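Protein sequences, first through last, are from chains A and B. According to the numbering used here, the first sequence is numbered sequentially starting from 1032. According to the numbering used here, the second sequence is numbered sequentially starting from 1032.
It cannot be assumed that every hint is accurate.
Listed below are several chain B residues computed to face chain A (Cβ distance under 7 Å; list not exhaustive) [what the hints assert, rightly or not]:
1) 1041
2) 1131
3) 1157
4) 1169
5) 1190
6) 1201
7) 1326
Simulated from the structure, these hints should not be mistaken for laboratory data. Quantities reported herein were computed from a predicted structural model and do not represent experimental measurements. Glycine included, C-beta positions come from ideal geometry on N, C-alpha and C.
2 protein chains.
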Amino acid sequence: MNPADPHGHGAALALLERGRALAAPALRTAVDRLAPPMHNVAAYHFGWIDAHGRPTEADSGKAVRPALALLSAEAAGAGAEAGVPGAVAVELVHNFSLLHDDLMDGDEQRRHRDTVWKVHGPAQAILVGDALFALAVEVILEGGTEHTARAARRLAAASRKLVDGQAQDIAFEHRERVSVAECLEMEGNKTGALLACAAGIGAVIGGADDALADALETYGHHLGLAFQAVDDLLGIWGDPAATGKLTWSDLRQRKKSLPVVAAVAAEGPAAERLTALLTADAKKTQEEFEDFDEAEFATRAALIEEAGGRSWTEEEARRQHHTALAALDSLDMPAGVREQLTALADFVVVRRK
Amino acid sequence: MNPADPHGHGAALALLERGRALAAPALRTAVDRLAPPMHNVAAYHFGWIDAHGRPTEADSGKAVRPALALLSAEAAGAGAEAGVPGAVAVELVHNFSLLHDDLMDGDEQRRHRDTVWKVHGPAQAILVGDALFALAVEVILEGGTEHTARAARRLAAASRKLVDGQAQDIAFEHRERVSVAECLEMEGNKTGALLACAAGIGAVIGGADDALADALETYGHHLGLAFQAVDDLLGIWGDPAATGKLTWSDLRQRKKSLPVVAAVAAEGPAAERLTALLTADAKKTQEEFEDFDEAEFATRAALIEEAGGRSWTEEEARRQHHTALAALDSLDMPAGVREQLTALADFVVVRRK
């Protein structure tokens, strides 16, 4: 065992690094096409400059999507470089959705920085999100081949699912009860669809047939659901030093995430006590809620765990991970690509942030 | 002269009617793909249902864009029907931008009805706008040909210009002075780009080469600028009974529209008095401004006219109309299509609402 890499994630980390290295310059070139005021807002959002326009080196995220798009091209027998426009387009769509979602959700922080609507106002968050979305479609279609047109069509369909997922997420906030199936459907749209698209898009650009692209999308969809299950676990029990979020982050936001809905759906005294607390919580204003001390959130987290919400979600992450890898089983791919897709999937379910 | 049609717009009105008749069912079919909560919001926006979900027959707008998209297909020698996906895609993009712009601008009314953000909240205006944009890309790419991919690329480029135009419009609100050239550039992006796209998209789908598509886009771009110049005139001097807007509508919103910037740019006492008034106006809050009585707006309108802003804009509409038609001059088009494009252009500069 390598002590610097206790979970053996060296391969996955190298793939993420390659994705960043190849996609980042192309992403900057694409964003450079935006006109000045919007360009600055976009550069702030991506962490390239601070609120005063000074260059920064902010955390640019895990970059799972670009890594996937490049591997996807290799799965079709093309070079990783062939997947770059796909990686860029998917990143643009992802960031369009972050800009709009942060505004709709009223989230003031993302990756330890003030969100765009907070710094530059709501109109800029809407405009720049719209511009990134249009840019994504332009970038992918510039290939000018029948394959890039197919890729663009899949990208547009995934984008619409992303919007569906956000609409469901918002609707759930106003509902007292959300089922596990509904939560999974929402997460499949909000997270699964774009990871699916990333996993298929490189192959489509590389000329793969629909069968290979569909199988890769299935892998990406379930990888997205595994990713989201882990995210939901980290949102409650994650180490703030690693995640950069507050303790019990999702509980503070009263998010009906997987561990919560699974616990509520369980039977027994813990589920009943939890449900009673959450029902009372729902009647509070956000200010009253923010006055809660740590112990209140710790109580809810303990009840979720006692009712089985934590272990169910851990199990669900493993199930989705398994289903993701099963989708690759019968595929004809160049040697090594399957191992790399597996390494990436393993990383997603074991990450700590 | 036909007394029922004093301006001889029968041909143009028939083209608009045909555009509506062919595009409306396809538009409804496309919008029907949205999931229930967003579908209702979209149906409200399009005027198909009221705020309580009851079917209505609201004014669906002039529908110049669909009419253009169909004529565009005919210009390439295809049937009008070939342009329908283009008409639908352009209408979806247009309405995506209306949903977002109304929210950013805080506009509470559109076509005599409360705007979506006012009825369904800001998040729905953002979400449904995003969904319509994604749907537009899906609809146009469904053709699955090399031509529809080219059409989608032009649509994405036009959409980004639309966003640029809105960004400029918002930036101008916070500036004391806007030049005529800047105003024309903004209007070229905000109105010209999508009319250009509508005028070219049918031809592209129909298999036209880039030369014909570009010429049709040039026609559409200048038609858009003529359209906007007329809109800017109606925004100040339009008959409220015809336009459905308040008297001096654009002046109430302190819009730096063409007649205003042209008047301010002129020399002489009227321009100077106008500039002094507008500079003082800019320091007022919106509430103080709304307390103005009719005479205050009438004074500003009279000064704009005296400084030559009205006649300059009328002249500009004629110039753009002329440039639009000139773009058609050397084109090889089926007999009758040129006459119809001309009739539509004539209608645009003579309309009263």
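Hint check results:
Because the closest C-beta pair between residue 1041 of chain B and chain A is about 38 Å apart, greater than 7 Å, the hint is violated. The interface hint given for residue 1131 of chain B is met, as the beta carbon of that residue sits about 5 Å from the closest beta carbon of chain A, less than 7 Å. At about 5 Å, the closest approach between the beta carbon of residue 1157 of chain B and any beta carbon in chain A falls short of 7 Å, and the interface hint on this residue holds. Nearest Cβ of chain A to the Cβ of residue 1169 of chain B: about 5 Å, under the 7 Å cut. The hint holds.
A least Cβ separation of about 4 Å between residue 1190 of chain B and chain A falls short of the 7 Å threshold, and the interface hint therefore holds. Hint status for residue 1201 of chain B relative to chain A: holds, with the closest Cβ pair at about 6 Å, below 7 Å. The beta carbon of residue 1326 of chain B comes no nearer than 33 Å to any beta carbon in chain A, farther than 7 Å, and the hint placing it at the interface is violated.
Against the hints set out earlier in the document, violations occur for numbers 1 and 7.
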